Structures are given as structure tokens and as C-alpha cells.
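**Q** Note that my numbering has the sequence shown beginning at 16, numbered continuously upward.
Any given hint might turn out to be false.
Claimed, not checked - Cut-off 20 Å, straight-line C-alpha distance, at most; resulting in silico cross-link-like pairs (DMTMM-like, lysine to aspartate or glutamate):
hint : residue 1 : residue 2
1    : K18       : E119
2    : K152      : E119
3    : K277      : D301
4    : K277      : E287
5    : K57       : E160
6    : K18       : D183
7    : K277      : E302
8    : K57       : E114
9    : K57       : E194
10   : K320      : E335
11   : K276      : D293
12   : K152      : D126
13   : K361      : E287
14   : K324      : D183
15   : K253      : D301
16   : K274      : D301
17   : K18       : E42
18   : K411      : E38
19   : K274      : D293
20   : K18       : E106
21   : K411      : E42
22   : K361      : E425
Keep in mind that the hints were calculated from the coordinates and are not lab data.
Everything numeric in this text was worked out from a predicted model, so none of it was measured.
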Amino acid sequence: MTKTVAVIGAGPAGLAAIKSCLEVGLEPTAFETDPWLGGAWKYTDLTEEKRRRSCVAYSTVTNTSKHVSCYSDFPMPKEWPNFLPQQNYLEYFQMYAREFDLEERIRFEADVLSIEPTSDSKADQNARWRVRYQDLKQNCDQVEEFDFVMVCSGINKEPRIADIPGLDGFCGDVIHSKEYRTWKNFEGKRVIVVGMGNSAGDIACELSHHTQQVYLSTRSGGWVVSRLLGGDGPGDTKFLTRLVDSIPSSIRAQVFHHKLKKGFNLVNFGLETAHPPDKRSPLVNDELPHCIITGSIQVKAEIAKIKGKNVVFTDGSKVEDIDVIILGTGYKFHFPFLSDSLLCPKDRYIPMYRYVFPPFCNPGTIAIIGAVRVNGPVPPIAEMQSRWAVSVFVGKSKLPDCQTMVEEIERRQQLLEASTIECCRAFHLVRNEYLLSRNTHLGVTLLVKTVFECLAH
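Given the sequences, and given the hints that come with them, work out the whole structure.
**A** Structure (C-alpha cells):
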């Protein structure tokens with residue numbers, strides 16, 4: 016009898032999971048809350064009923080080039096730009112779903128409420144999984160059982176709100192970057208954007224063309240990287256390579272550090288940081304230096320306190336009459352349909368063997384796909400994770416015992432804590448190193464032909 020798989024989510028990770036299941040003879044059913052596929056890459060205007068939904072801003076362009084952002088067997092059209100507007104990237108996922116007949120496996124407007132094992136024993140390899148979901152079309156709850164589960168719902172859903180003294184009493188508007196869609200309704204206002212992530216940088220730059228003034232508040236500065244990395248083409252095609260990864264990490268870090276310092280003087284832009292670029296993720300933005308040097312964005316220190324509409328920073332400086340504070344402070348890992356007893360979450364990470372398999376409950380029957388922060392695009396990572404997961408499901412690949420998995424999880428987390436600052440520790444991966452290690456587990460090698468086909472496009 017064919018084994019069944021519940022796939023939670025039909026975004027980039029969910030599509031890879033569905034396809035991987037079909038390739039090994041499993042029967043996938045994907046549950047997608049929205050009436051469309053593509054996850055956060057499907058843009059929607061901000062209305063009250065969509066307020067809880069995360070999606071890209073209207074002007075979003077990918078930070079990684081099309082050459083490294085595609086699935087391994089489906090390169091992007093040759094005529095498309097190197098870096099994709101959100102509309103193109105969504106279209107790519109729609110094309111992928113059509114090419115491999117994935118959409119017929121998706122149950123749209125099905126909001127998963129809970130997932131739990133059918134057995135009380137956490138070591139029962141024969142236990143199935145009970146999925147309870149709300150059919151939003153019929154407005155009723157349904158329950159189904161599956162042999163395996165692949166959670167592909169993404170990690171940019173639950174906002175992380177900064178603990179800022181006086182924020183609750185701020186007399187203007189406060190939003191998280193999750194709620195930002197366009198510059199409209201911000202014209203002529205004075206805005207503070209908090210954070211040094213990619214979303215914060217994009218929002219600050221876009222608003223700088225339409226507001227009275229934008230302030231970018233950063234706790235510890237940060238590195239800014241151009242999409243071209245000082246070259247004449249996409250920088251990731253030069254640096255996200257197996258050749259570069261073959262260089263010892265300490266030397267690689269020194270070279271990258273030197274290149275960034277040479278191309279961008281952080282002190283002159285008010286972004287000086289004590290952390291080298293291998294300790295934290297750089298902000299990818301081509302416009303920010305220009306906005307700062309022309310004054311349309313003013314860089315400020317961390318917010319110390321807020322009183323009314325006035326904001327004081329930790330360096331003692333102050334700005335007045337602020338209309339809006341936008342929190343680009345990231346997200347928490349949030350899987351509300353899974354109990355803490357299943358995942359055993361820690362402060363900033365969830366223990367998972369090789370960032371895929373929770374070791375504490377029926378290991379090898381549930382996989383978390385795409386829950387990573389990576390120095391590159393997620394779809395290729397999600398594809399490889401999915402291939403490994405289904406290989407385990409069908410018995411082709413084996414997992415070690417629970418104790419061995421736990422020990423490796425702890426060892427990897429200790430290495431991560433020693434090599435990154437706190438805000439960057441959540442599942443931060445080196446892309447090619449991880450892809451190659453999963454390839455080894457699957458007994459396959461990278462398809463050189465596919466790589467060159469992608470670059471040719």
C-alpha cells in the first residue's frame with residue numbers, strides 16, 4: 016500500500032517536497048492556507064483579513080541571482096533578469112508547479128490546526144500522524160491521518176518585536192516589516208526603521224524617496240554588500256561556488272573581510288561594527304550607501320527610550336516628531352500546529368538533526384524543510400532536504416539513534432555559537448557545504464550539466 020505524506024505549505028519548500036515525494040512513489044497531500052501557491056512570494060495588498068500573512072513588498076527584488084536561486088532541474092528563462100522582481104520569482108514557482116503537475120496535489124484554503132502522533136510512544140516507528148485542519152471553503156474542521164509529515168510552512172511568520180523602552184507609549188504608528196507593502200501612506204512623514212537586515216535596508220531606501228526623513232537605527236552596525244560584489248556580474252556566481260568553499264574557512268573569511276573593507280568604509284557611513292562579516296549576515300543592498308551619503312537616510316544608534324513622538328538613542332542623540340517606527344527586527348521560529356513536546360524548542364533554535372529531523376518524537380517520520388538561515392537562496396536547500404527526507408521515509412537512507420542525533424545537534428550548535436553573533440545563530444548554514452553533505456548522504460553528486468545550464472541562462 017502506498018505510503019502517504021502530509022506536506023504543510025505550498026511555497027518554495029512545499030513544492031520541492033511534493034515533487035520529491037512523487038519521485039520515490041509516495042503519495043503527498045499539501046495543505047495550503049492561501050488560495051494560491053508560492054508562499055511569501057505571492058504579493059497581496061495589506062488588508063485586515065490578510066494582516067497575519069507574511070509576503071514580500073511590492074518592490075522586492077531577489078538578493079541572489081537566478082543562477083543560484085532555481086531548483087536543480089528547472090533553470091530560469093534565459094531572457095529574465097539576473098535578479099528577479101517578486102513577480103518573476105512567483106511566476107517561476109508557478110511554472111515549476113505546472114511542469115511537474117504539482118498543483119493537483121495541493122489542497123488550497125486548508126489551514127492546519129494541529130499535527131500529533133497517533134501513538135503516545137515517542138519511539139514508535141509505526142505510528143502515523145493525525146492532521147487536523149480547517150477547510151476554509153466549507154468553514155469546517157477535518158481530520159486525516161498520514162504516514163509521514165513534511166513541514167514546509169516557512170519561518171517568516173511570527174514577528175520578533177524588539178524590547179524598546181517606551182515603545183508601547185509611542186504616539187505615532189508602529190508596524191513590523193511583515194506589514195510593510197509599499198511607500199504609499201508614508202509620504203512626507205518622519206520615519207525610523209529599526210534593524211540592519213535586508214528588509215530593513217530595502218524599506219529604508221524605498222521610503223527615503225517619499226518621506227520627509229528616514230532614520231536607520233542599528234544596535235551594532237553591519238556590513239553592506241552589493242549584488243555585484245564589485246564585479247561585472249552577479250557576485251554569488253563567483254562566491255557561492257565549490258571552489259571558494261574548498262578554501263579553508265579562516266582564509267576565506269579574511270579575503271571576504273578585506274574585499275568588503277576595501278569597497279565600503281563603514282566608519283564614513285556610520286555603520287562601523289566590531290563583528291567581521293563571517294560572524295553576521297551582511298545586508299545586501301545596492302542603494303543604501305547612496306541614500307546615506309546624500310542624507311536621505313541618517314544612521315542612528317540603538318534606541319534608548321521613546322517619549323511621546325520623541326526618540327533618544329544610546330549615543331545621546333535625539334530626534335523629534337517621529338510619525339512612524341518600522342521594526343525590521345526579524346522573526347521567531349513558529350510552528351503553532353506542533354506542540355513544544357514534539358520539537359523541544361530552545362531560545363533561538365529548534366533542535367533538528369542536520370536541520371531537518373526532530374530527534375525526540377518518532378524520528379524519521381517527520382521532517383522540517385526550509386527552516387534555515389543560509390548564505391544563499393533557500394529553494395536549492397529545501398530541494399536537497401526534501402530529497403533526503405523522502406529517502407529516509409522509504410528506507411533508502413538511515414538516521415542514527417536518538418542519542419547520537421542529540422549529541423550532534425548540541426555539537427553543531429556550540430560551533431555556531433562560537434562562530435556567529437547571537438542574532439545570526441538560528442540555523443545559519445554555509446550553502447554549498449550543506450548541499451554537498453546532503454548529497455553525500457543520498458549517494459549522489461551535483462549535476463555539472465545542470466549547473467552549467469543554469470549559468471548559461
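**Q** For each hint, tell me whether it holds in the structure or not.
**A** Going down the list of hints, with the structure as the test:
1. K18 / E119: Holds, at about 18 Å.
2. K152 / E119: holds (17 Å)
3. K277 / D301: Distance ~16 Å between K277 and D301 Cα, so the pair holds.
4. K277 / E287: holds (14 Å)
5. K57 / E160: Between K57 and E160 the Cα gap is close to 29 Å, so the pair fails against 20 Å, i.e. violated.
6. K18 / D183: violated (51 Å)
7. K277 / E302: Judged against 20 Å, a Cα distance of about 18 Å means the pair holds.
8. K57 / E114: holds (19 Å)
9. K57 / E194: Status holds; Cα separation ~14 Å.
10. K320 / E335: holds (12 Å)
11. K276 / D293: holds (13 Å)
12. K152 / D126: holds (10 Å)
13. K361 / E287: Given pair K361, E287 is violated - Cα atoms ~31 Å apart, limit 20 Å.
14. K324 / D183: holds (12 Å)
15. K253 / D301: Given that 20 Å is the threshold and the Cα spacing comes to 18 Å, the pair holds.
16. K274 / D301: The hint holds at about 16 Å.
17. K18 / E42: At roughly 6 Å apart (the allowed maximum being 20 Å), E42 and K18 satisfy the hint.
18. K411 / E38: holds (13 Å)
19. K274 / D293: holds (12 Å)
20. K18 / E106: violated (31 Å)
21. K411 / E42: holds (17 Å)
22. K361 / E425: holds (11 Å)
Hints 5, 6, 13 and 20, counting from the list given before, are not met by this structure.
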